[in-house]
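All chains, please: the whole structure from these sequences, using the hints.
Chain residues, written in single-letter form:
2 protein chains.
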Amino acid sequence: MQTRPSNEILERNTRIVHDLLNRQKIIENLAHQQSNRRQDLVDSLVHRQHLAELDQQLKRLHSADLGHVLETLPLDDRLRIWRIVMDKRGTEILLEVSDAVRNSMLGAMTETELRQLLAHMDSNDLLEIADDLPEALLAERLTQLSSEEKQRVQEALTYRENTVGSLMSIEMVQLQSSLTLEQAAQYLRAQKDLPENIDKLFIVNHRHHLVGILSLQNLVLGNPEQRLEDVMARDVVSFTAEDNAEQAALAFERYDLVSAPVVNQRGQLIGRLTVDAVMDFVREKSNEDVLNMAGINTEEDLFASIWSSARNRLTWLIVNLFTTFIAAHIIGLYEDTISHLVILAALMPIVASVGGNTGNQTTALIIRALSQGQIQQDKTAYMYRKEIGVSTVNGLILGTIVAVFTIVVYGNVALAGVIAVAMLITLILAAILGLTIPIFLQKWGRDPALGSSVILTAATDSIGFFVFLGLATMLLIH
Amino acid sequence: MQTRPSNEILERNTRIVHDLLNRQKIIENLAHQQSNRRQDLVDSLVHRQHLAELDQQLKRLHSADLGHVLETLPLDDRLRIWRIVMDKRGTEILLEVSDAVRNSMLGAMTETELRQLLAHMDSNDLLEIADDLPEALLAERLTQLSSEEKQRVQEALTYRENTVGSLMSIEMVQLQSSLTLEQAAQYLRAQKDLPENIDKLFIVNHRHHLVGILSLQNLVLGNPEQRLEDVMARDVVSFTAEDNAEQAALAFERYDLVSAPVVNQRGQLIGRLTVDAVMDFVREKSNEDVLNMAGINTEEDLFASIWSSARNRLTWLIVNLFTTFIAAHIIGLYEDTISHLVILAALMPIVASVGGNTGNQTTALIIRALSQGQIQQDKTAYMYRKEIGVSTVNGLILGTIVAVFTIVVYGNVALAGVIAVAMLITLILAAILGLTIPIFLQKWGRDPALGSSVILTAATDSIGFFVFLGLATMLLIH
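Residue numbers (our numbering), protein chains in the order written: chain H, 3 to 480; chain Z, 3 to 480.
Just so you know, these hints were derived from the structure itself, not from any lab. Please note: incorrect hints may appear among the correct ones.
If chains are identical, the list can't say which one is meant, so a pair holds when it fits in one copy or spans any two.
To be verified - Straight line, CA to CA, 30 Å or less: simulated BS3-like cross-link-like pairs of lysine-lysine:
id, residue 1, residue 2
1, Lys-381, Lys-61
2, Lys-381, Lys-90
3, Lys-381, Lys-287
4, Lys-445, Lys-287
Here it is as structure tokens:
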């Protein structure tokens, strides 16, 4: 009986595997250095003993934990472990790791190894990793399935990313509404292998149309002689395969669902969406938001090669670079002003930087609200009024602080006035842009987080420089 | 039978409530303008009819949906709806809305109304909203509970934020291990009110020590005459109330849990953690990460007053402002250089801005990895090598682009060399800082996301200006 927190154990196990790997590498290095000595035999014994110890340790790990360990290992170590466990637990482990890590592991396998691995997968497993498989191998494996199964997999593969169809499982229990509770329980007992996390039964009529659900709880509590159609709930939250997955996730959160039926346009049951798939999706999406805001396009394996990581991050850096050329051009327009009053060059980043931060605060709030469907169309006017109000208040406070700073350090009252006014104007414009950019991206069907921070900072920089230097030119240069 | 996607319906309902509210406001305005006319009576009838329609519409909404509607309404509209539904469904609705929105709703209630509301809450409901209640009222309500219940609530209230204890429910089913499956099912049937999302039974010995679990599925499938202790699973993922909630959430995701027992230090069962609470927590945390990175301290109600929003965002803006003073000071050191070559003022934000973005990419990746426990201590050296590698590659590429730009626009080859080298150095330093700041914040027991972007940008700005202007002074000014 394990009552200790599971994560302590996981952390210890992860550390043990890391340690074993490190020790093994030291031994291998030694063996390599001494390869022409008599010592060889002994070394190889020690080496083999270590491998056995590692093997033992890995056997003791739950597949989900092993998946976690693989995520925390650099590519070469990861593949070393993967080769040890591939044959026996390949399928389970592949289902536990992230897309990026799965890709790295599948990529290191030969065609023969892949073919062997696929041979042991059922249609639902195949479906889950299909995107990462070479097409030819997947097609080959599909021909070995029954035509019904093959059709189900092929249909499920057509659903686009971010739809319920791409998250759903095709494993499920469906029962005819005319059965009694006792018959339903008997049917369940007769199944060898029930899907995981089963909390409710999906009830269909003779044409496979979903007509209701019965929670396992009510199956236990109900009168065994009653028919399903008399006790089932008819008011069911269900989804279609084309439904937006983010919307479905919000519904899972709102109604505290554990599983929900997925139906086709005709109302026929075609799959099952479960809370574990939804939770993985929510986690992935929120990671994506954090990365996208910072200008990283796609999820990145922590231990990906330098080249692939560099490529993944370059796009938005180049966008960023070109936007700074605009800012540089704007500053260039005021070269004369700056050469008259060089201190302006020192002060101008203050306005731009605080402007960027103000805008980013607004953007972060809006992205969060958009992703949770909290902004109704008719409320955008309200949002603008509010954000302008907030930035006015903070612009006045920060403008005052920066003015006092300018007077104390540079003793220039006129300059202090200019920078305070520039701060206020820039902050208000930054708030407006902070709202407009994500809303605009969303209306254009883009992810509102993707690059919003890069675009925003570019705009607030240019605006900050322009407002500050423009005001200074008008008011300070005679 | 509802087979349409539930979110379409929710959106339509939300829109209807918004529309009804708008129409009602127009009527109220008219009534106000014409208040001294004979029209009054008719208007008030129309008004009352509208109120009835609104009432009808609200009655049809699931409490979770009503919670969503309340989240999407500005404060005055929100309170208008809240007053209508408060009496009948106050408790359920309070449990559905976010902390910030709940606070706004509780804050608008009189003491008498609050007292009435609390009178209808059971100990578990009380526990969930206890943090938002006036202490005196909570204490008063607690005295009305049985001493056992009171003790459980008071104990549960001592758990700090971000612990399993703060998320767990004290409602659960515990069964003695000596019972048979049939007796267990009978016991369940005898309960009026089972907790929601029940997927497994917690099995204890006579001293309330958790000894195993039995899934509802196995209760259905098993032989009714067997004893629980013979069929229960003894290898249980359990938590203690002091466990870190983020770690627990990761365990829920890894093992696809629906519920898990919570025990005290002595192994006695004290509560139950369910996937819906975990999912809400994951959503909340990921929102927090997005907001914290952008320099917003605490979750903000989208429709909070301008004053409270401004205050919530001011802290990090002031930190930001003071860090820009440092950057301004560094630029000030090179006033002479700038006055010799004013174009440096135009080019210096290029280096600083791209540096900031590079560092932010690294920070976003690390924050994500830290929150998922993917970085082992012994891998930090590896991470530094990799991030320095990535920033070197991108520094060379972006440095080349900016050099070409400088030659084409300003025809100055020496300046082009200076800015390219400054770009490379700044990007490498930015990557190092992008790793160091979140890791350092985490080691100090802070949230690695909190303000990391503000601190990082401040550092990269100063570094960018210093490297670029310093190199220019050494190499270009004679």
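Status of the hints after comparison with the structure:
1. Lys-381 <-> Lys-61: between (56 Å within a copy, 24 Å between copies)
2. Lys-381 <-> Lys-90: between (56 Å within a copy, 28 Å between copies)
3. Lys-381 <-> Lys-287: both (25 Å within a copy, 26 Å between copies)
4. Lys-445 <-> Lys-287: both (19 Å within a copy, 27 Å between copies)
Hint compliance for this structure: every hint is met.
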